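Please model the complete structure; the sequences and the hints are all you need to start from.
Each chain is listed here by its residues.
Number of protein chains: 2
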Amino acid sequence: MVDHYDVTDRIVIEGIRPSTPNGYPAKAVVGRATAVSADVFRDGHDVLAARVRWRTRGNGKGKWSTAPMRPLGNDRYQAVIEPAEIGAHEVQVEAWTDRIASWRHEIAVKLAAGQDVELELEEGALLLEGALSRADRADRVRIETAIASLRNSQAPPESRLSGALEPALMALLDELPDPSDLTRSAPSPLWVDRERAAVGAWYELFPRSYASPEQGKMGLAGATDRLPAVANMGFDVVYIPPVHPIGRSFRKGRNNSLDPTPEDPGSPWAIGAAEGGHLALHPELGSFSDFDAFVSRARSLGMEVALDYALQCSPEHPWVKEHPEWFHHRPDGTIKYAENPPKKYQDIYPLNMWPSPGPGVSPEKAEADRQALWQACKGIMEFWMGHGVRIFRVDNPHTKPFAFWEWVIAEIQAANPEIIFLAEAFTRPKLMARLAEVGFSQSYTYFTWRNTKAELQEYLTEVALGPKADYMRPSFWPNTPDILGGILRGGGAGAFRLRLVLAACMTPSYGIYSGYELCENQPMSDANEEYFESEKYEIKHRDFSQPGSLVPFVARINDIRRRHPAFSDLGNIAFHHSGNDQILCWSKVDPAADDVMLMVVNLDPHNTHEDTLGLDLPALGFEWHESYEAFDELTGMSFMWTGANPYVRLDPGLPAHVLHLRRHGRGGTAA
Amino acid sequence: MVDHYDVTDRIVIEGIRPSTPNGYPAKAVVGRATAVSADVFRDGHDVLAARVRWRTRGNGKGKWSTAPMRPLGNDRYQAVIEPAEIGAHEVQVEAWTDRIASWRHEIAVKLAAGQDVELELEEGALLLEGALSRADRADRVRIETAIASLRNSQAPPESRLSGALEPALMALLDELPDPSDLTRSAPSPLWVDRERAAVGAWYELFPRSYASPEQGKMGLAGATDRLPAVANMGFDVVYIPPVHPIGRSFRKGRNNSLDPTPEDPGSPWAIGAAEGGHLALHPELGSFSDFDAFVSRARSLGMEVALDYALQCSPEHPWVKEHPEWFHHRPDGTIKYAENPPKKYQDIYPLNMWPSPGPGVSPEKAEADRQALWQACKGIMEFWMGHGVRIFRVDNPHTKPFAFWEWVIAEIQAANPEIIFLAEAFTRPKLMARLAEVGFSQSYTYFTWRNTKAELQEYLTEVALGPKADYMRPSFWPNTPDILGGILRGGGAGAFRLRLVLAACMTPSYGIYSGYELCENQPMSDANEEYFESEKYEIKHRDFSQPGSLVPFVARINDIRRRHPAFSDLGNIAFHHSGNDQILCWSKVDPAADDVMLMVVNLDPHNTHEDTLGLDLPALGFEWHESYEAFDELTGMSFMWTGANPYVRLDPGLPAHVLHLRRHGRGGTAA
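In order, the protein sequences belong to chains V and B.
The letter at position 366 of the first sequence is residue 366 when you use this note's numbering, and the numbering goes up by one with no holes.
The letter at position 357 of the second sequence is residue 357 when you use this note's numbering, and the numbering goes up by one with no holes.
The set of hints was computed from the structure by calculation and includes no laboratory data.
Keep in mind that this is a model prediction, so the values were computed, not measured.
Possibly wrong hints are sitting among the right ones.
Since the list gives no way to pick out one identical chain from another, each pair is judged satisfied if it fits inside one copy or across any two copies.
[As the list claims (entries may be wrong)] With a straight-line Cα cutoff of 25 angstroms, these simulated DSS-like cross-link-like pairs (lysine-lysine) come out: (1) Lys110 <-> Lys343; (2) Lys336 <-> Lys321; (3) Lys453 <-> Lys430; (4) Lys468 <-> Lys430; (5) Lys344 <-> Lys321; (6) Lys110 <-> Lys336; (7) Lys378 <-> Lys336; (8) Lys378 <-> Lys321; (9) Lys110 <-> Lys344; (10) Lys365 <-> Lys378; (11) Lys343 <-> Lys453; (12) Lys453 <-> Lys540; (13) Lys365 <-> Lys336; (14) Lys63 <-> Lys110; (15) Lys321 <-> Lys365.
Put into structure tokens, the structure is as follows:
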């Protein structure tokens with residue numbers, strides 16, 4: 001059978017980016033330039049033209065917008081699009097044989113070689129006649145004039161041709177797809193988020209630690225009073241662990257012990273008690289109006305609240321009695337608690353997210369149970385969205401089915417495209433990527449365990465410059481309540497400064513867990529990277545005004561991030577040479593905003609290091625031997641540098657330069 | 001809607017290799033081990049099991065074969081399959097949650113920690129009961145015994161468990177897919193070729209140059225007499241340019257001149273004359289019985305004939321009159337000849353492989369024309385297959401639609417899966433890869449223009465170790481009638497030796513064009529890499545017995561390739577360190593055959609170079625400090641080496657070692 005080919009099988013369009021490996025939506029940010037590229041080619045040597053078209057794809061479909069694609073070389077073409085709305089979009093690449101451009105090239109070469117071009121002039125006239133029918137009425141006269149000129153056999157060839165080579169006409173013709181072999185890629189889905197899905201500084205706090213009973217304040221009221229200080233540090237998002245009632249049976253005591261005192265508050269992740277489950281508020285945190293006030297105060301300070309979403313239950317969670325079918329059962333009829341043998345977590349009952357048929361459970365019953373459970377889980381989010389939550393930080397998403405996340409995120413975002421999901425995907429690389437692919441807006445990463453120069457360069461190259469960057473947005477956290485890692489333990493305040501600069505100045509989204517600014521650094525043990533006297537199991541009272549606090553440093557970093565648009569992009573990172581293994585140098589450049597930032601960090605928290613750098617000046621927008629100002633946003637000091645090899649020296653106390661590189665007279669001094 | 005998920009959506013199977021970017025068949029070789037790998041994972045921490053199944057997929061479907069997949073780490077699994085037939089196959093990856101393996105792990109840890117495992121023993125009994133129904137009758141007793149033992153509450157736990165941990169039972173259970181979440185990938189197509197599609201030494205000759213009229217021999221008869229010498233050099237395939245009548249109008253003379261003498265024979269690629277077109281034989285070459293005798297003689301010498309397949313016509317080709325609709329027309333009604341402006345190729349009419357509707361041509365007529373043309377093009381191949389041809393070397397395939405090749409190769413191979421297609425895809429990288437993807441068995445490559453150490457390492461890494469190796473088989477040609485490149489021009493015999501060693505010992509399929517063994521090296525000019533007095537335009541008479549001929553060297557190389565199975569694989573290449581930029585060192589290892597080859601080449605044809613190498617000995621199967629014999633297959637000399645840093649010195653005259661590395665007493669000396 002020869003008959004299953006169409007002429008549109010002739011042009012190949014493939015390798016479209018942004019994309020994901022399995023056809024899920026790639027991600028973009030509203031109002032931000034997004035490069036769309038593809039391989040476009042066909043047999044032979046004809047010139048091809050290509051463009052991108054895109055539209056919203058929600059309940060109704062929007063109007064197509066288009067942008068011309070330009071050749072990048074090696075048969076790759078690129079356009080820059082700027083989606084104007086959040087939500088689901090589709091993107092298509094269109095290509096066609098640009099016979100007019102091929103003809104222009106051919107006749108120009110022949111004319112230059114002095115060949116007879118009578119036939120070529122008539123071929124051009126015929127091609128323009130073909131374009132006539134596709135042009136707007138307003139443009140037709142222009143084309144008809146060019147045709148008449150091509151056929152004016154009294155004039156010399158150069159003059160007959162000139163009308164067809166007029167720039168305005170060429171531009172007009174370049175934008176007219178030739179329907180005879182116009183070829184379209186399959187539509188690529190693209191999810192467009194609001195900016196906070198990609199850019200933001202997060203701060204994690206346990207509300208209950210801010211209760212001041214002596215003032216009659218419940219946890220949330222006290223935490224609300226803490227918000228101005230957080231906002232003053234320049235954070236965009238306040239993330240709070242679960243706020244629900246905490247189970248009492250097998251409750252964990254201080255330092256994760258199995259024998260709590262009656263006063264121990266328990267871990268917020270042991271969700272559910274007699275007072276209620278995921279739809280309830282822990283009584284000691286306050287009332288729902290306290291919760292609403294917390295959210296509202298954050299908003300008035302320019303911040304958002306991210307709420308923890310942890311799908312697990314304590315043995316007293318109401319679901320255990322109401323829906324035993326949502327849990328795993330053992331042969332003796334008991335519900336299976338969490339284990340990592342030989343460790344037992346008897347305070348936690350994992351949900352059975354995909355109930356199986358079995359004795360007494362028909363396939364229909366198992367399926368009905370799954371649907372009811374998934375709907376209930378979705379209901380939790382909707383409930384808290386009703387209390388103003390627009391961001392969920394999802395606990396251990398890799399222990400629930402990817403299909404569940406795919407479904408629930410799509411369901412929630414179909415009605416509320418502004419909702420953001422951060423995956424606490426501290427798991428294996430392929431699971432982390434899959435969670436991002438099926439819909440999570442952001443992901444925790446391995447940054448926490450990347451310390452050396454080689455590790456950091458390799459990891460950033462992977463997450464910021466590799467294909468996963470099309471759909472996985474890394475969030476860098478130097479610490480979390482579970483992880484006090486690497487040099488933070490013994491590196492002193494300098495280590496906290498340098499890890500903060502790395503996190504905040506490498507990726508657009510990053511966060512710290514409170515206590516970081518006080519350089520809290522006592523681990524459980526050398527082998528256990530959790531905190532000693534972890535806030536997960538006890539109330540912590542901190543004095544944020546203590547001497548040596550990094551509060552001003554944190555505020556400075558977040559201020560720099562806000563003032564410099566270069567920090568809002570992920571893929572604009574580039575590393576520069578240092579021969580010193582402890583000196584890491586990278587840049588972030590926003591060419592449209594003319595914003596050039598260069599970071600230099602001494603990774604050794606114990607020793608001073610110096611080096612002569614090797615900057616890729618053209619990548620920074622400078623000439624190889626140009627002089628320029630390097631203004632250090634951290635210290636306010638200014639250096640005049642010339643050429644690609646400036647000298648730097650960093651001591652462990654202030655181990656970083658965050659430099660704004662400016663041409664003379666480029667203006668703008670930092671506050 | 002929650003109801004569109006099935007439990008088989010829970011396990012992710014992705015990134016299957018071998019594969020092609022757009023779902024065309026990957027390639028394998030019959031009887032040769034082929035690794036099939038995939039990412040396999042699900043949420044949570046349960047142990048997964050996976051296997052590959054495959055079957056033929058022709059007119060009927062074959063029986064499935066299966067092979068267990070083993071974890072490679074990082075959630076990747078691999079099986080080795082060995083297809084037993086040539087032709088179309090399909091491959092599927094199957095995975096399931098191995099609940100028995102998860103249970104075995106859990107109970108073992110708990111037992112070791114001294115925990116009570118009564119419930120776990122019963123859980124195991126229930127899991128084994130589930131397996132009972134899936135097992136063969138013969139295996140059931142074994143499983144039932146293990147169940148009874150697990151439930152024997154009189155015995156201590158270790159003893160109750162021991163039956164379930166018996167290796168034969170574990171192996172049996174490992175092979176039993178659990179139907180409750182058995183998940184299958186979409187079938188991946190795999191094309192299985194005979195060995196010659198992947199491995200072979202090719203020799204190109206122009207039959208007409210071997211005519212000896214004084215002996216009454218036509219071209220083919222003379223070329224037939226030349227075949228024993230070609231076979232003695234160890235070649236597997238004799239490739240001959242087009243054998244059809246050659247056009248007379250605008251015929252090219254010597255050195256591609258426009259003013260031929262009446263004696264000039266013309267280029268064989270200007271196909272078609274009064275005597276006929278692609279289905280005819282040039283009268284001066286002889287009769288069809290001469291052609292059949294040529295093919296038959298080659299076969300009796302253990303060689304095959306590859307025929308050129310060039311879809312283009314001279315102005316006198318019968319199709320020009322019979323089917324003017326198969327060509328491009330100009331406004332004055334003339335047929336468009338080939339051009340690369342300002343160059344004109346008036347002796348060649350390109351075929352219009354995809355006729356368009358237009359004035360006087362309805363869409364239906366254009367489509368009928370296309371189908372008729374494609375069928376006629378297919379008919380050419382079938383005609384020559386009728387004369388014993390099983391390999392086609394396809395001229396300039398990138399100037400005809402990919403869809404045509406996809407169609408014609410599939411059509412031909414459906415009936416004749418032994419047919420091999422070599423693409424002369426000297427074109428841009430993405431077109432070259434696409435031709436391989438849509439079906440070509442092999443492809444010419446950029447090897448001809450890769451000369452430096454860095455270029456060669458990078459190129460081999462791409463074509464032998466990158467994802468394209470799943471479907472594109474590179475063929476390395478140091479020269480062709482069109483290309484006399486790089487150091488061959490001024491490097492003397494040493495350059496010819498070293499480029500031969502590179503081509504022959506890096507890739508399983510390689511070829512040379514006759515004259516190479518005589519070190520013919522006069523280019524048209526510095527800028528034009530064609531040969532001066534090219535055989536394309538004139539008859540060449542060569543004295544292959546002349547002093548300095550490389551015939552013995554070529555024979556030696558081909559003999560080494562045949563005796564060492566390591567040279568039959570593409571992906572087994574590994575580079576080893578040399579600090580000298582002119583010394584390239586690589587290995588080819590066939591572990592199954594215990595065949596370890598190490599090549600060291602001096603890339604500089606003018607100077608002697610020496611170095612202390614840095615071998616990755618474990619990759620070669622040796623210990624870091626082991627002593628081993630390095631037997632040079634080129635010279636018969638033997639070196640005793642110890643450790644990873646042997647010293648080598650190569651002079652430009654014999655610029656290569658081809659070393660067989662052997663452990664003491666491993667036996668076998670080369671002939």
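Here is what the structure says about each hint:
1. For the identical chains of this complex, Lys110 and Lys343 are inter-copy neighbours only, at 9 angstroms across copies versus 81 angstroms inside a copy, given an alpha-carbon limit of 25 angstroms.
2. Taking identical chains as interchangeable, the C-alpha atoms of Lys336 and Lys321 lie at most 25 angstroms apart only when both belong to the same chain, with a minimum of 14 angstroms there against 83 angstroms between chains.
3. For a Cα distance limit of 25 angstroms, the shortest separation of Lys453 from Lys430 inside one copy, 24 angstroms, qualifies, whereas the shortest one across copies, 35 angstroms, does not.
4. Taking identical chains as interchangeable, the C-alpha atoms of Lys468 and Lys430 lie at most 25 angstroms apart whether they share a chain (11 angstroms) or sit on different chains (22 angstroms).
5. With identical chains, the CA atoms of Lys344 and Lys321 are at most 25 angstroms apart within one copy only, with a shortest distance of 22 angstroms there and 87 angstroms across copies.
6. When the C-alpha separation of Lys110 and Lys336 is checked against a cutoff of 25 angstroms, the pair qualifies only between copies, where the shortest distance is 15 angstroms, while the shortest distance within a copy is 82 angstroms.
7. For the identical chains of this complex, Lys378 and Lys336 are intra-copy neighbours only, at 23 angstroms inside a copy versus 66 angstroms across copies, given an alpha-carbon limit of 25 angstroms.
8. In this assembly of identical chains, Lys378 and Lys321 lie within 25 angstroms of each other by CA distance solely inside one copy; the values are 20 angstroms within and 72 angstroms between copies.
9. Only between protomers do Lys110 and Lys344 lie at most 25 angstroms apart by alpha-carbon distance; the minimum there is 10 angstroms, versus 82 angstroms within a single protomer.
10. For the homomeric pair Lys365 and Lys378, the shortest alpha-carbon distance inside one copy (20 angstroms) is at most 25 angstroms, but the shortest distance between copies (58 angstroms) is not.
11. For a Cα distance limit of 25 angstroms, the shortest separation of Lys343 from Lys453 qualifies neither inside one copy, at 35 angstroms, nor across copies, at 55 angstroms.
12. For the homomeric pair Lys453 and Lys540, neither the shortest alpha-carbon distance inside one copy (34 angstroms) nor that between copies (62 angstroms) is at most 25 angstroms.
13. Proximity of Lys365 and Lys336 under a CA criterion of 25 angstroms is satisfied intra-copy only: 20 angstroms inside one chain copy versus 72 angstroms between copies.
14. Taking CA atoms no more than 25 angstroms apart as the test, Lys63 paired with Lys110 passes in neither setting, with 43 angstroms inside one copy and 61 angstroms between copies.
15. In this assembly of identical chains, the alpha carbons of Lys321 and Lys365 lie at most 25 angstroms apart only when taken from the same copy (18 angstroms versus 74 angstroms across copies).
In the structure shown, a violation is registered for the earlier hints numbered 11, 12, 14, in ascending order.
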